[in-house]
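Let the sequences and hints guide you as you build the complete structure.
There are 6 protein chains.
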Amino acid sequence: MKINLINPNTCQGMTEKIAISAQSVALPDTHIIASSPLHGPVSIESAFDEAIASAALLDVIQQGEQQGVDAHIIACFGDPALDAAREIATKPVIGIAGAAFQLASLVSYRFGVVTTMTRTLPASQHLLQRYGYQHLCSGVRATDIAVLALESIDHNTYQALKKECQRAISEDGAEAIVLGCAGMSDLAHELSQQLAVPVIDGVVAAVKLAESLHQLNLCTSKQGQYAKPLAKAFQGNFQHWSQ
Amino acid sequence: MKINLINPNTCQGMTEKIAISAQSVALPDTHIIASSPLHGPVSIESAFDEAIASAALLDVIQQGEQQGVDAHIIACFGDPALDAAREIATKPVIGIAGAAFQLASLVSYRFGVVTTMTRTLPASQHLLQRYGYQHLCSGVRATDIAVLALESIDHNTYQALKKECQRAISEDGAEAIVLGCAGMSDLAHELSQQLAVPVIDGVVAAVKLAESLHQLNLCTSKQGQYAKPLAKAFQGNFQHWSQ
Amino acid sequence: MKINLINPNTCQGMTEKIAISAQSVALPDTHIIASSPLHGPVSIESAFDEAIASAALLDVIQQGEQQGVDAHIIACFGDPALDAAREIATKPVIGIAGAAFQLASLVSYRFGVVTTMTRTLPASQHLLQRYGYQHLCSGVRATDIAVLALESIDHNTYQALKKECQRAISEDGAEAIVLGCAGMSDLAHELSQQLAVPVIDGVVAAVKLAESLHQLNLCTSKQGQYAKPLAKAFQGNFQHWSQ
Amino acid sequence: MKINLINPNTCQGMTEKIAISAQSVALPDTHIIASSPLHGPVSIESAFDEAIASAALLDVIQQGEQQGVDAHIIACFGDPALDAAREIATKPVIGIAGAAFQLASLVSYRFGVVTTMTRTLPASQHLLQRYGYQHLCSGVRATDIAVLALESIDHNTYQALKKECQRAISEDGAEAIVLGCAGMSDLAHELSQQLAVPVIDGVVAAVKLAESLHQLNLCTSKQGQYAKPLAKAFQGNFQHWSQ
Amino acid sequence: MKINLINPNTCQGMTEKIAISAQSVALPDTHIIASSPLHGPVSIESAFDEAIASAALLDVIQQGEQQGVDAHIIACFGDPALDAAREIATKPVIGIAGAAFQLASLVSYRFGVVTTMTRTLPASQHLLQRYGYQHLCSGVRATDIAVLALESIDHNTYQALKKECQRAISEDGAEAIVLGCAGMSDLAHELSQQLAVPVIDGVVAAVKLAESLHQLNLCTSKQGQYAKPLAKAFQGNFQHWSQ
Amino acid sequence: MKINLINPNTCQGMTEKIAISAQSVALPDTHIIASSPLHGPVSIESAFDEAIASAALLDVIQQGEQQGVDAHIIACFGDPALDAAREIATKPVIGIAGAAFQLASLVSYRFGVVTTMTRTLPASQHLLQRYGYQHLCSGVRATDIAVLALESIDHNTYQALKKECQRAISEDGAEAIVLGCAGMSDLAHELSQQLAVPVIDGVVAAVKLAESLHQLNLCTSKQGQYAKPLAKAFQGNFQHWSQ
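Residue numbers (this note's numbering), protein chains in the order written: chain Z, 518 to 760; chain F, 518 to 760; chain C, 518 to 760; chain W, 518 to 760; chain A, 518 to 760; chain L, 518 to 760.
The hints are all genuine.
Which copy is meant is left open, so a pair is good if it fits within one copy or across any two.
With a cut-off of at most 25 Å between alpha-carbon atoms, the simulated SDA-like pairs for lysine to any residue come out as follows:
{"id": "1", "residue 1": "K749", "residue 2": "L555"}
{"id": "2", "residue 1": "K739", "residue 2": "E681"}
{"id": "3", "residue 1": "K749", "residue 2": "L665"}
{"id": "4", "residue 1": "K519", "residue 2": "P545"}
{"id": "5", "residue 1": "K739", "residue 2": "Q710"}
{"id": "6", "residue 1": "K745", "residue 2": "Q584"}
{"id": "7", "residue 1": "K519", "residue 2": "Q540"}
{"id": "8", "residue 1": "K749", "residue 2": "D671"}
{"id": "9", "residue 1": "K519", "residue 2": "D587"}
{"id": "10", "residue 1": "K680", "residue 2": "T635"}
{"id": "11", "residue 1": "K745", "residue 2": "L653"}
{"id": "12", "residue 1": "K739", "residue 2": "S759"}
Since the hints were made in silico from the structure, they are not lab data.
Quick look at the structure:
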């Protein structure tokens, strides 16, 4: 199968990093196609960044559909433009936050989320509510590590992240940790070893869910909310969407 | 004061229509500046339409700020990009759905919403939840009138809308009606006369709230969730946001 | 327009204070008629005080209706007897807590409430739930300043109030402050200057909402929950309500 | 023990009726003292009626305390002034709606409520929410029988009530019926025989709960929310509350 | 009346202890029959213990029905197998957690729960949600006292329990205390004296509710959720349930 | 990997059926070991059946752990004893209802559940709430097909099931269908073809999730809620659990 793995920001180093993570857990016949949009912010750390990133992200979804991919993954913890992407895709579209919550809830009663900037906490809360996992989350903690600082992680950054995970466990009662940024994808294994609880990275979780849906022949329902958008005119930079 | 009244779709007729509605209730010293984005869909009827419209809508917010407006109104019932707009604006940003829910809750115990397409019902439900008005809403009803059909409303369209309002009252127990599309703005008065309950249009509601905030010197808090986004690089069509 | 501004307690100093606040933001053609009931407690700090105050408060609503006012404001943060008042009034009835929550949610993502006595905290929580703003409130904090101590505020009282506002911001993540007592009405401006976040006083918020509804010709729905009460006999001190 | 059984409306026939119901289930050493306030409406069918009735109801609570009763019952399905009464009482105060919900939840998974006027439905919903029984209620149904029509029930009224109970069972899935008015107290037995499900009357439920609390020496907590109100001045008709 | 008082664990000392508590508050004509299952764990401190205990507990329910008891009490704070028991019983089945929550809510606005092991906290939270008392609970606190340590309580154990109750009051705002284990049944009186708030033991609460239901002729509804299970074959150790 | 696929009822035909379903989607190196408990009911259609089935089901979990399986699946739509099983297992334990909800939410906005007996509806509602999917479910519909009737499905049974799925889509707005019984496992493909929406069977969903967790090295957290139960004595038929 072919998976359209989308890094919604324009940081190429991040795209490569998550491609490596995804490939490391993919089945032999799973082909990971990693890319990022041509237009948009170099990192996503606010509702504004997310809104801007969403427009070009949808181009990458559309390209994937045209190239015949079997599933799409939106590899940013805010799961930006997920509903919009599902409308234009016939294949499944998976957000890494939702994917991580699902697997975390299978191996723990309550999981903690450890994420980047303090100001993204309400966004994480909203995702937990959107997906229905609020009562299964022991708390969301910010590290105030900038997304791009995760491109190449130094010792201090790792320690800061690990310390916040430990507080999630000891203070909040987290029984597993969900990593709240695609850029933390390569740290899950080491953290898990040191913390003695399951540590879930959404990127690899999404890959396994994409494979699962593909093997079960499950595609996005085109009845109701995720039906194709009505054909209409688009102007300016978005004329290519006109039908 | 100056109000930046934004029609987030690119239909010029709709922009003119809501400008007239807004002007009709504005105080003498309120100057309505109505506009729509250069880029995007001609109407907003799906999550996809909304995601595409959001990017260029934020340009119009930014322009308003630069022109020294005192408030912004996003005149589409989905309140698209509201949080993103509040991040980049120092002046208040008001969505017409939120504005309508607020005034409706002051004159009724439970209000009904009558909107356009069936597939937008989940979006309305999400807005009610976002703002906290779910328990005060007797139900959301779709008319399956396309947004652009509202540009110039014929007799049949009006009757279909009125009939759904009547069902909201008699079947759902609605005590007031919120009109679920900016394009219905000019029908509030006539419907109210015929239905004998308050009928609330979000466009005029938002104008009065914008004036209220201005007169009380209340601006968007720049602490926390609506703080200015971090400066960073943007690529391609969004390079103008780079700092 | 004429606004029936009701201080539900019998403290005349408080009535004068809120009249000044209301007048300071009213439009030139808005006439504020401030009064308080003849019967009841000198301050409202418990469910008991509120229950007793409610009976005579309704007389003042009725008098306002007979005098042809265009809106009523119940200027006590518990919004006492709001539903009952809306039943007997044809004009809008606005509570200051609900009004403050509405405007606070337009300029912040999450607001904090700073109020008087610890024992009124559950009442504030109930109001947040009644109106649907619980998820938008970062917390309610008590100062244990008695309501009557607010009649003339000394330096220590002001500092205690300000300190609690600061804790709401730094500890709870409040992005705006709602003042939880009509008696704090004259402090909003100074606090806002010093705290660098929006500070919302419900009295002035309610005045602007009353003007807004009036300008939009919106009155209390007489269908459903707020229909006129059935005519019936009343005994004793309430015989004047018999019909 | 002595129970202060309060009919909050001024209809003497209703007081006598509920006294008979209460006495019929009381233990031999339970003394029922039934009374109604001197001031207020002859029946309670709106928020307005309830607000007016509350003031004088609190006098009856106070009198009961002074007479050394062991518990108070507020015998109106809206449980008016319950929190206020608990503040001024040291002995337990029980509302008949809350009492009925409790016992109904012990003998069924989901119970239905059948009440009087359509316009009281939101009040019932609010009570279910206040007490936490919303998810255990299959629905609230109105009969539009006026409260005073229950003083002496004719065949048609009984049939209308029974029919609505049957619909609650067959259409809503009610497994037990809660009677939504103290005036229906004498019908529980006959309805239960005919409906083949438990039928719960709040008046008798409250009597048993009052006896239960008394036998366990449980009184209203005077810590926190139900602490004695602060002493203060009251004016006019309520001067007797001044301290 | 006869009450089938079931200690779901196999610790005989615990059975005797709760029998004494139950008898101490029972009416003269209430006959308490205390017993415990033949099969199962000596204490219940996990979901696993509860699942194992449930099977044999249902035998004791069945025996009680055959012996003609008038009510059943499941005297373990997890209320294990309550729904299953109600299905096979025609008489009321009462869990001690649910019973304690009910009475606590009659004498306080918010109660705290003080229980045994930390790992049972989610189970208590689930019960609060199942019954609808989550918003009326100020918090659940664990003492990490093992259930069997409660069989004969020493000074240190009592002090640890009392200290946690005090913290529930001073830190969480508990206005009453619910004891979270049947084994604490004999401590309610002494704790109540020392804490100056109501202390509710579920065992005695359940006895009074059982008597209340009996005196009102209320039995488990056999319509809907608690209808008799369908007759079917059972194998192995459960063949006696085959019909 | 080895999966311990448990049919919690004692119907051997059902065990064989779900084994075939599971095997049909398993990866080449996944070994399905299907079994059912020695003790318990031949089908699970009530809380009573579920409570009885749970005890012996835990033996099968324990045996699987001892045989070195890599994951356990509880193949009954009530997900019986899930928390208890997770406590005693170190490998992941997956319930088929939870698994189906997860995959359904990835390919639809709102899914419908079509299940067996009407009396199991509250159990399904409880599962939706337990897992947090209530707001994503358009409704649960019963077919009143007995579980054992699904062992070999005739034309009429299939048509009844299909008809209820169609009503879920057209009346409730279901965009995907979750099959509410392991015994329907072999019908998912045919129904999906005919209904034109995704149809999700929990058995195959659970197999893919078990494989996913295994490939990611994720096991049940042994911190907190799912820690090993405390060692203790068990009596009678459960003595083998004593430690």
